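Now for the letters of each chain:
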Amino acid sequence: MTMKLMTSALAIGVALGLTSGAASAQDFTEAKQGGSMIVTYKDDVSTLDPAIGYDWQNWSMIKSLFDGLMDYEPGTTILKKDLAEDYTISDDGMTFTFKLRPGVKFHNGRELTAEDVKYSLDRVTNPETQSPGAGFFGSIEGYDAMASGEATSLSGVTVIDPYTVEIKLSRPDATFLHVMAINFSSIVPKEEVEKWGLDFGKHPVGSGAFKLSDWTLGQSLTFERNKDYWHTGVPKLDQITFEIGLEPIVALLRLQQGEADIPGDGIPPAKFLEVTADPAYKDLVIEGGQLHTGYITMNVLMPPFDNLKVRQAVNMAINKDRAVRIINGRAVPANQPLPPTMPGYAKDYEGYAFDPEAAKALLAEAGFPDGFETELYVYNTDPNPRLAQSFQQDLAAIGIKAEIRSLAQANVIAAGGEPDQAPMIWSGGMAWIADFPDPSNFYGPILGCDGAVQGGWNWSWYCNKDLDAAAVEADAMTDPAKAGEREQKWRDIFLKIMDDAPWVPVFNEQRFTMRSEKLGGPDAIFVDPVHVPVNYDYVYSNDVQ
Amino acid sequence: MSGSAAVSATPVRPGAGRVLRQLMVRPRSAFALVVIVTMVAAAVLAPWIVPYDPNDQMFDGLSLEGAPLPPSAQFWLGTDLLGRDLFSRLILGTQTSLIIGLLANGIAVMLGAGVGITAGFLGGWVGGILMRFTDLMMAFPALLLAIVLAAIFKPSLLIVAVVIAMVNWVQMARVIYTETRSLAEREFISVQRAMGASTFRILRLHVLPHLLYSIIVFGTLGISTTVLLEATLSYLGVGVQPPTPSWGNIIYENQTYFANAPWLVFFPGLAIVLLALSFNLLGDVLRDALDPKLKGRH
Amino acid sequence: MWAYLVRRTGEALLILLGISLVTFVLLYLVPADPARQIAGRSATVETVANIRAQLGLDQPFHIQYVRYLGNLLQGDLGRSYLQRSEVAELIAARMPATLLLMAAAIVVELILGLTIGIVAALKRNTAVDQSLMVFSFVTISAPQFVVGILLLYVFAVRLHWFPIGGYGSFAHLVLPAITIGLLGTGWYSRMMRSSMIDVLAQDYVRTARAKGLGRLRIILRHVVPNAVLPIIAMIGIDIGLFMSGIVVVESVFGWPGIGQLAWQAIQRVDIPIIMGVTLVSACFIVLGNLVADLIAPLVDPRIKLK
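Protein chains in written order, with the numbering used here: chain E, 1 to 545; chain U, 1 to 298; chain Y, 1 to 306.
Note that these hints are calculated values from the structure, not bench results. Nothing false has been slipped in among the hints.
The list that follows gives simulated cross-link-like pairs (lysine to any residue, SDA-like), each with its CA atoms no further than 25 angstroms apart: (1) U/LYS154 to Y/LEU26; (2) E/LYS401 to U/THR244; (3) E/LYS195 to Y/GLN54; (4) E/LYS401 to U/ASP53; (5) E/LYS190 to E/LEU177; (6) E/LYS282 to U/ASN260; (7) E/LYS195 to E/LYS227; (8) Y/LYS123 to U/PHE31; (9) E/LYS42 to Y/TYR153; (10) Y/LYS123 to U/GLN22; (11) E/LYS496 to E/TYR349; (12) E/LYS401 to U/PRO47; (13) E/LYS42 to Y/VAL154; (14) E/LYS42 to Y/ARG84; (15) U/LYS154 to Y/LEU57; (16) Y/LYS123 to U/VAL25.
If you're wondering where the values come from, they're calculated on a predicted model, not measured in any experiment.
Full structure from sequences and hints, please.
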């Protein structure tokens with residue numbers, strides 16, 4: 001998920017969630033149903049079609065409206081079975097057979113069967129659907145024929161009987177069960193998709209815990225509890241109202257006045273110090289990690305960034321502590337691409353220390369004793385231009401004169417996708433946030449050769465064939481017993497990348513949100529690492545307890 | 001409603017000295033002149049009078065938690081979210097506003113007057129096409145146009161000025177067109193034409209002098225429009241690029257803090273209003289002083 | 001009259017056609033690639049090319065434009081690239097909020113503008129007149145985002161009189177309406193003032209005065225109604241001013257109108273929405289001007305349609 005902050009992390013999710021939530025862990029599964037809440041967002045909800053929706057607002061909404069074969073335990077990144085009652089994996093790791101839960105009904109009353117699973121996977125991989133997530137299914141047999149338009153159905157997906165579906169892969173894929181848990185794999189009813197056509201995203205029909213009861217464009221959405229939900233006791237609330245178009249700061253003031261329950265966009269920086277210092281609100285503030293890294297890319301095809309020493313000098317020149325201070329300490333400084341809570345993170349790695357003198361010396365060694373002029377591209381929403389100015393001052397200290405190009409997001413992305421446009425890009429607001437908690441998700445498109453193409457997301461244009469090969473090997477290690485070995489392999493890959501220094505990893509952002517006193521549930525579900533930003537299904541109301 | 005302008009081959013020309021005296025005597029324009037002179041002086045002398053380096057992100061310019069500091073003896077107008085001295089940035093922002101104001105408005109005036117005179121004097125299908133295009137630009141939602149233009153080009157000071165000029169020339173073109181049209185139909189121009197005077201000569205000697213006042217008046221008022229549009233574009237984040245301070249982008253960078261640090265919006269806002277107001281007042285008094293037809297209305 | 005109307009409508013259509021062409025050219029030049037945006041970050045080059053072809057973005061410029069026009073004639077503004085909804089539906093859903101804001105702004109500027117103009121004209125050349133006129137200059141010299149933010153700070157954050165942005169009740173409407181209305185207030189008060197001064201100098205006012213009618217009665221019955229007529233005609237032209245203002249004001253106050261829609265679309269470079277909002281705004285401006293020109297002769301017989 002690229003647009004805004006996504007997915008959070010296993011260790012932090014667990015650590016934070018359980019320290020405060022352990023006591024209430026019992027309550028929340030047994031909490032009574034009833035009550036309602038108001039969640040606010042700034043931006044419009046674009047679509048609730050699970051094949052298309054890919055942003056901060058609709059991610060968790062879609063998870064509440066639809067179900068997939070797999071899901072995660074609430075508040076954690078631990079995979080669990082969802083619509084799949086059970087599954088088996090063949091010895092070679094190439095065939096997955098899923099047994100469906102019987103009696104699951106779509107919101108229109110029809111029972112969900114294996115045909116629907118096949119239809120949904122065919123639909124999401126069909127180029128005509130224009131799904132931004134189609135690429136996740138690349139390991140399913142027959143994907144290439146779908147992508148090129150030669151086939152209209154995935155040859156690797158077979159319906160065995162109404163409750164059994166078999167999926168064959170064309171290559172071993174250690175992340176396949178995660179893929180079955182992302183929104184793009186949600187099961188949709190064919191008749192409703194065909195009925196609404198391109199407007200299915202406005203009239204979503206799934207099998208999830210909630211159903212959409214009203215949508216006033218640009219203003220609000222209302223979800224109602226799905227009384228026939230197969231998972232008894234879930235969801236807790238009868239109704240959720242999403243109010244749209246509220247600036248985060250307005251949203252927070254509303255919450256303080258009791259007019260809203262969750263600020264969906266989190267606590268705005270301007271209010272952060274005030275709220276965290278106020279004893280009245282301190283207990284309502286919830287902190288969570290996320291699988292996010294903010295980084296500066298250096299285009300290795302554009303001189304002088306083709307010079308390793310220049311890239312290393314820049315790595316030593318950036319004052320990450322000041323960057324963290326500018327965003328009020330809502331992040332931790334980073335020294336490698338992977339966030340600390342991602343499997344494969346190298347705890348002992350020290351990275352490039354902040355040392356302007358050494359950076360200057362290295363720059364002189366590289367042949368630029370007087371520095372050089374360059375450009376730094378940045379997305380033009382706060383706090384990114386401010387952070388860019390901080391980096392600009394750091395670079396000036398070692399003689400690099402960087403001009404800031406502050407542009408609309410789509411224009412920065414377009415410039416990054418050209419080999420000769422953007423020498424440096426600050427990733428803020430567009431940064432890579434993992435779709436699922438696996439290190440492979442942090443490699444291919446942003447650091448691998450696949451992404452270093454025109455229009456790609458590898459904005460540093462770094463392409464190392466040896467690492468690509470190592471990545472393929474790592475992802476072929478599907479045996480759960482070899483998980484540790486696989487993690488080590490990924491660790492090595494990311495450390496080798498840091499030797500070549502195509503990025504300056506700057507910080508890993510933390511999420512801060514708040515809930516009203518009315519709401520109950522363990523903290524972890526309010527900063528759920530997967531159901532981002534909030535796992536709506538398990539929030540309960542203290543009013544009815 | 002006193003006085004009527006005599007229509008003659010040479011315009012009635014209130015002496016430059018008299019106009020200037022009028023400007024100094026009337027309280028409104030005197031106020032405007034004081035503000036403008038002060039701001040121009042601040043812009044020119046900026047490097048010598050700023051108390052701090054306007055781009056220096058000072059460590060002691062922020063609280064330890066990273067919050068901006070309120071006005072104090074050390075930082076007269078407080079600091080911004082990066083710990084820079086707001087007063088110094090406002091002074092440097094005066095440069096930006098004035099440079100854009102003059103540059104963009106200069107381009108707009110030349111373009112507008114050029115189109116207006118050409119269309120008005122030549123008439124015919126050339127004039128028709130030019131004025132239909134002007135109508136078209138009048139119907140364009142100006143701000144949307146400016147934002148889209150700003151998104152296409154890599155923003156820089158010059159680009160921002162050009163974008164603003166592209167939006168602002170239309171008003172001038174309409175005014176000049178109407179006046180040129182009525183001049184071109186007058187007798188003395190036909191006489192000149194019959195006498196074989198070249199088009200250029202007629203324009204230079206008989207048309208331009210008549211138009212000069214309108215150009216001066218609308219040129220002055222236009223600076224105000226330009227300053228406002230620059231501020232708005234910068235406020236939306238598509239104008240002047242950081243770290244170059246502009247009053248608009250200072251507000252843009254700091255507005256999320258407005259509830260806690262209102263000075264970061266108030267002072268730059270005040271600066272914008274003062275400058276735009278001054279050029280509006282000046283233009284208004286100039287109109288009275290230069291155009292006797294409108295005298296006495298205000 | 002009918003001939004005039006037909007000619008003006010024809011002109012208006014030509015202008016709209018021109019605007020659609022200019023906007024289309026400009027958006028064609030924007031560097032962002034819509035197909036890339038739709039395809040997402042994990043898409044292959046093939047997938048992107050496929051989407052580009054589906055949207056017809058691989059066609060030469062003139063074919064794309066002609067196709068857009070063809071759809072436009074059938075009332076189809078296309079679908080948003082990123083939201084995938086019909087642009088017409090998105091605009092229609094947000095139009096009521098924008099119209100409400102505009103109507104309220106017109107009320108504000110008429111009440112404030114006319115009052116100030118009348119008082120200033122009656123107290124002509126006094127300190128009251130001077131200060132009111134300076135105030136009217138301040139309102140046209142203050143950028144709307146500054147006015148909006150300051151109103152929010154004073155009346156919402158500090159005094160709690162009004163909500164801090166949002167939509168849904170009368171209280172939400174007040175501050176944004178004042179913010180937009182203030183700009184027109186400046187113009188109206190000045191026009192009303194000169195219009196009043198003109199009327200006050202007319203013979204029939206003198207006659208009425210000579211007949212011994214009370215001053216207040218003369219002003220209310222004779223002067224104000226006559227002076228206000230030319231100003232009513234200006235409301236149509238105001239719409240143009242509003243159309244630029246709403247982008248800023250709606251984003252400052254979180255008002256769910258087409259200005260906010262346009263601003264969100266510009267940030268994401270969602271071209272069909274930008275196209276649609278530009279055309280709809282231009283329609284309003286053209287229509288407003290037309291109405292103003294049609295009303296003018298009705299309220300002031302000296303003006304003739306030509």
